[in-house]
Every structure is written in C-alpha cells, then in structure tokens.
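Protein chains: 2
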Amino acid sequence: MTDLEKCMESLIVIFHRYADEDGDGRTLTKKELKKLVEKELPTFLKTQQNPKTVDLILKDLDQNKDDKLDFEEFLPLVVGLSLACDKCYMLHQKKGKK
Amino acid sequence: MTDLEKCMESLIVIFHRYADEDGDGRTLTKKELKKLVEKELPTFLKTQQNPKTVDLILKDLDQNKDDKLDFEEFLPLVVGLSLACDKCYMLHQKKGKK
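Just so you know, the sequences run in chain order A and B.
Numbering-wise, the working numbering comes out as the position in the first sequence, counting from 1, plus 72.
Numbering-wise, the working numbering comes out as the position in the second sequence, counting from 1, plus 72.
Keep in mind the hints are simulated off the structure, nothing from the lab.
Only a predicted model underlies this, so the values are computations on that prediction, with no experimental measurement involved.
It cannot be assumed that every hint is accurate.
You can't tell identical chains apart in this list, so a pair holds if it fits in one copy or across any two.
Under the rule of at most 20 Å between Cα atoms (straight-line distance), these lysine to any residue pairs were calculated in the SDA-like manner [stated by the list, open to error]:
id: 1; residue 1: K78; residue 2: V151
id: 2; residue 1: K159; residue 2: E93
id: 3; residue 1: K159; residue 2: I84
id: 4; residue 1: K111; residue 2: G97
id: 5; residue 1: K131; residue 2: G152
id: 6; residue 1: K78; residue 2: L149
id: 7; residue 1: K111; residue 2: S82
id: 8; residue 1: K140; residue 2: M162
id: 9; residue 1: K106; residue 2: D75
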C-alpha cells in the first residue's frame, strides 16, 4: 500500500474506531466526537480556550442538523486542520531557507 | 503523535514530496500531479479507463485556473477517494454482519 493509500485507510479506521462505540458506525454522536477530539487532537484542543470547542465543531460541520457527523461531514475537520498545519510548515520552510 | 495527527502530517509530506520537485513547493504542476497519481494512487489509476485521467483531475480541482494545484485544491482529491473507500468499507461491514 502506498503512503497516500495508508493515509486514507487510516482516516476511515480512525473515524469508525470512535463512530462504532454506540453500535452505529455510520456517525459520530457528540459524545463520540468529544472522545475523538480529546484522544486524536489533544494539541489542537489545548490551543482552544473555549470549553465548548466540541459543540462548536459539531455545529459547524453538521450539514443536515441531526446532531451527528457522518464521514463526509467529518472530513472537513481534517481538511481544515491539515491546511492550518501546512501553513505552519510552509512558514517554517521559508524561515529555514533564509 | 496520535494516529490522526500522523495522518495529517503524512498528507502534507506527500504533497510536498511531489510539489517540491520543480523548486516551487507550494503547487503541483501537471507533471508533478501525474507522478503523484501514478506513484501514490496506482490502484485508483488502474480502475480509470480514460488515459486523460490526470488532465481531468487537474481540470476538476484547479479552482483558480492556473493549471496547478495548491494544497487546498489537492485535498478534495483525498476527500473524494476516502469517501469512495469508506462506502466500500461500510458495504463490506454490512455483508460481514449478515
């Protein structure tokens, strides 16, 4: 398997690791999303001063307003954080070249 | 580092592994995109009957029409393929439960 294939597999496995907890593996409930963010994104969570971070993420990503996130609704979180990380990476590279 | 953090790092590293080839690490040229798809997504490429697959991907994702993909334009490819893979995964799970 290539690195990019491994990465996509990993996204699916991580999502279902948490989504499966209540027996319905198609969606993350708020409780499951909270656990995912706490366990998988501890560094991000620490930077957020707002104790309602998980509520805000859910509200922001929940397109069909069912108070749950399916895989399609979850992916923009990964995209947003990856973009933010990439900006840092590029900035770092620039500094390194100076 | 958590699994999800590793995954996001991997996305950034893979993108820049190919984008850096011409010295401009911010974007994938068509040539770089072709190499990325050939090396990282060989299974996907085999399923595509169209020899112009890479041209179609570029046209589809190139939001600002500069014939290159930056990281933000590249991510929807990963999202789309991950969603397709997840649908297969869910189908597989269902069959397993029967």
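Hints, one by one, checked against the model:
When the C-alpha separation of K78 and V151 is checked against a cutoff of 20 Å, the pair qualifies both within a copy, at 17 Å, and between copies, at 14 Å. Proximity of K159 to E93 under the C-alpha cut-off of 20 Å is restricted to the inter-copy arrangement: shortest distance 19 Å between copies versus 34 Å within a copy. For the identical chains of this complex, K159 and I84 are inter-copy neighbours only, at 10 Å across copies versus 25 Å inside a copy, given an alpha-carbon limit of 20 Å. In this assembly of identical chains, K111 and G97 lie within 20 Å of each other by CA distance solely inside one copy; the values are 18 Å within and 32 Å between copies.
Taking the closest pair of Cα atoms, K131 and G152 come within 20 Å of each other only inside a single copy of the chain (15 Å); across copies the shortest separation is 22 Å, beyond that limit. Taking the closest pair of Cα atoms, K78 and L149 come within 20 Å of each other both inside a single copy (19 Å) and across two copies (15 Å). For the homomeric pair K111 and S82, the shortest alpha-carbon distances inside one copy (15 Å) and between copies (19 Å) are both at most 20 Å. Within a single copy, K140 and M162 get their C-alpha atoms only as close as 34 Å, which misses the 20 Å cut-off; across copies the closest is 17 Å, which meets it.
Taking the closest pair of Cα atoms, K106 and D75 come within 20 Å of each other only across two copies (16 Å); inside a single copy the shortest separation is 28 Å, beyond that limit.
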